[in-house]
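Trainee: Start from chain S and add chain Z according to the hints.
2 protein chains.
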Amino acid sequence: MKQIPIGISARHIHLKPEHITRLFGEGYELTVLKDLSQPGQFAAGETVAVVGPKGRFDKVRILGPARNISQLEISRTDAFALGVNPPVRESGNIEGTPGIKIVGPKGEVELEEGVIVAARHIHFHTEDAKKWGIEDKQRLRVRVETDRPVIFEDVIARVSDQFALDMHIDTDEGNAAGLKTGDVGIIVD
Amino acid sequence: MKQIPIGISARHIHLKPEHITRLFGEGYELTVLKDLSQPGQFAAGETVAVVGPKGRFDKVRILGPARNISQLEISRTDAFALGVNPPVRESGNIEGTPGIKIVGPKGEVELEEGVIVAARHIHFHTEDAKKWGIEDKQRLRVRVETDRPVIFEDVIARVSDQFALDMHIDTDEGNAAGLKTGDVGIIVD
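Protein chains in written order, with the numbering used here: chain S, 1 to 189; chain Z, 1 to 189.
So here's chain S without its partners, still in its complex pose (with noise of 0.2 Å):
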């Protein structure tokens, strides 16, 4: 049985080295609040606020390292409420997309483009793949048991010997399929 760890991502963000420098200062450095599942990856312990035009998120936590763009992951029900429209994609892919003001204490930067909701994949480290058969890019169905159980659709596998076994899916995703952060799910095909 291909059992899959599930982490639940909150909104958070993506900022690439000049966005640090305008919105925390010249030669600021993220600092690291805890490690990620991804090797590498951490929460910051700086936020930022994102304002849209109908709503406003005061605590955005920030996803470092830094990035060579700068990228807004929000459920739909976050998008609603900042009053933006933004597409499913998966994480890099923001041609596009809406972009949205971001205040630092330093300052502000007004992206254009960056917004995202985020497709639901799985990070499987190379060695997983091969075990499974499962390619970089492909398709998967995901069912989770809970008490409000589901099959994910359309689940893309990404695949590299950075990553470390983890699926990952949004606020929404995971309130409607009554999941919490370790809970597990089984790749159906």
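Calculated directly from the structure, the hints in this document are not laboratory data.
Here the structure is a predicted model, which is why all the values come from computation and not from measurement.
For every residue, glycine included, the Cβ atom is placed at its ideal position computed from N, Cα and C.
Heads up, a few of these hints could be off.
So, partial list: chain S residues that the calculated Cβ filter (under 8 Å) puts toward chain Z [to be verified]:
{"no.": "1", "residue": "151"}
{"no.": "2", "residue": "171"}
{"no.": "3", "residue": "175"}
Derived DSS-like pairs: lysine-lysine, alpha-carbon spacing no greater than 25 Å straight-line [said to hold, decoys possible]:
{"no.": "4", "chain 1": "S", "residue 1": "34", "chain 2": "S", "residue 2": "16"}
{"no.": "5", "chain 1": "Z", "residue 1": "54", "chain 2": "S", "residue 2": "54"}
{"no.": "6", "chain 1": "S", "residue 1": "54", "chain 2": "Z", "residue 2": "59"}
{"no.": "7", "chain 1": "Z", "residue 1": "54", "chain 2": "S", "residue 2": "59"}
{"no.": "8", "chain 1": "S", "residue 1": "54", "chain 2": "Z", "residue 2": "180"}
{"no.": "9", "chain 1": "Z", "residue 1": "180", "chain 2": "Z", "residue 2": "2"}
{"no.": "10", "chain 1": "S", "residue 1": "34", "chain 2": "S", "residue 2": "106"}
{"no.": "11", "chain 1": "S", "residue 1": "34", "chain 2": "S", "residue 2": "59"}
{"no.": "12", "chain 1": "S", "residue 1": "59", "chain 2": "S", "residue 2": "180"}
{"no.": "13", "chain 1": "S", "residue 1": "16", "chain 2": "S", "residue 2": "101"}
{"no.": "14", "chain 1": "Z", "residue 1": "16", "chain 2": "Z", "residue 2": "59"}
{"no.": "15", "chain 1": "S", "residue 1": "130", "chain 2": "S", "residue 2": "2"}
{"no.": "16", "chain 1": "S", "residue 1": "34", "chain 2": "S", "residue 2": "180"}
{"no.": "17", "chain 1": "Z", "residue 1": "34", "chain 2": "Z", "residue 2": "16"}
{"no.": "18", "chain 1": "S", "residue 1": "180", "chain 2": "Z", "residue 2": "54"}
Selected chain Z positions facing chain S (in silico; Cβ < 10 Å) [as the list claims (entries may be wrong)]:
{"no.": "19", "residue": "76"}
{"no.": "20", "residue": "77"}
{"no.": "21", "residue": "79"}
{"no.": "22", "residue": "80"}
{"no.": "23", "residue": "143"}
{"no.": "24", "residue": "145"}
{"no.": "25", "residue": "147"}
{"no.": "26", "residue": "151"}
{"no.": "27", "residue": "172"}
{"no.": "28", "residue": "175"}
{"no.": "29", "residue": "177"}
{"no.": "30", "residue": "178"}
Mentor: Same frame as chain S, but now just chain Z:
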């Protein structure tokens, strides 16, 4: 193909006559803002505030007509915001569920129980159910084809000649599956 129209229920409250009186005053009658898909049911013009240990919602829509129990139906996202931990339940089955404070223009009610996350369900008119061989209380699986496709399992069939064909899910489920009211699901078994 067994196609089912889907309705997404935002947080709402049902009230018993005694509570309408305490919240809105002696002899008060709910007004009809909009008829709902189920015959005789309506969104009332009136709203109340609900106040939990951690947060509050100021404008929770009342659905009419009055019922024999008062019941607040919220999403799990809402439950976290209020600071309550309701179970997933069928409407009307409120024994042992958390309570909540309800505030109206003329008074307050401390509900002792009645907060639920509604179990996903389909209303079938008796004729629809007969045609498709579906029994009251049967558990069904419903697939939706969207940019976030899922199969909802444990969807409860409710059959009555008072019902119109409609599947009811909450905002977490709708957002997790990329659905809006009026979209269609397919019963897969």
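Trainee: Each of the hints needs a verdict: does it hold here or not?
Mentor: Results for each hint:
| no. | hint | result |
| --- | --- | --- |
| 1 | 151 | holds (4 Å) |
| 2 | 171 | holds (7 Å) |
| 3 | 175 | holds (4 Å) |
| 4 | S/34 - S/16 | holds (19 Å) |
| 5 | Z/54 - S/54 | holds (23 Å) |
| 6 | S/54 - Z/59 | holds (17 Å) |
| 7 | Z/54 - S/59 | holds (17 Å) |
| 8 | S/54 - Z/180 | holds (20 Å) |
| 9 | Z/180 - Z/2 | holds (19 Å) |
| 10 | S/34 - S/106 | holds (24 Å) |
| 11 | S/34 - S/59 | holds (16 Å) |
| 12 | S/59 - S/180 | holds (21 Å) |
| 13 | S/16 - S/101 | holds (15 Å) |
| 14 | Z/16 - Z/59 | holds (18 Å) |
| 15 | S/130 - S/2 | holds (12 Å) |
| 16 | S/34 - S/180 | holds (18 Å) |
| 17 | Z/34 - Z/16 | holds (19 Å) |
| 18 | S/180 - Z/54 | holds (20 Å) |
| 19 | 76 | holds (4 Å) |
| 20 | 77 | holds (5 Å) |
| 21 | 79 | holds (8 Å) |
| 22 | 80 | holds (8 Å) |
| 23 | 143 | holds (8 Å) |
| 24 | 145 | holds (9 Å) |
| 25 | 147 | holds (5 Å) |
| 26 | 151 | holds (4 Å) |
| 27 | 172 | holds (4 Å) |
| 28 | 175 | holds (4 Å) |
| 29 | 177 | holds (7 Å) |
| 30 | 178 | holds (7 Å) |
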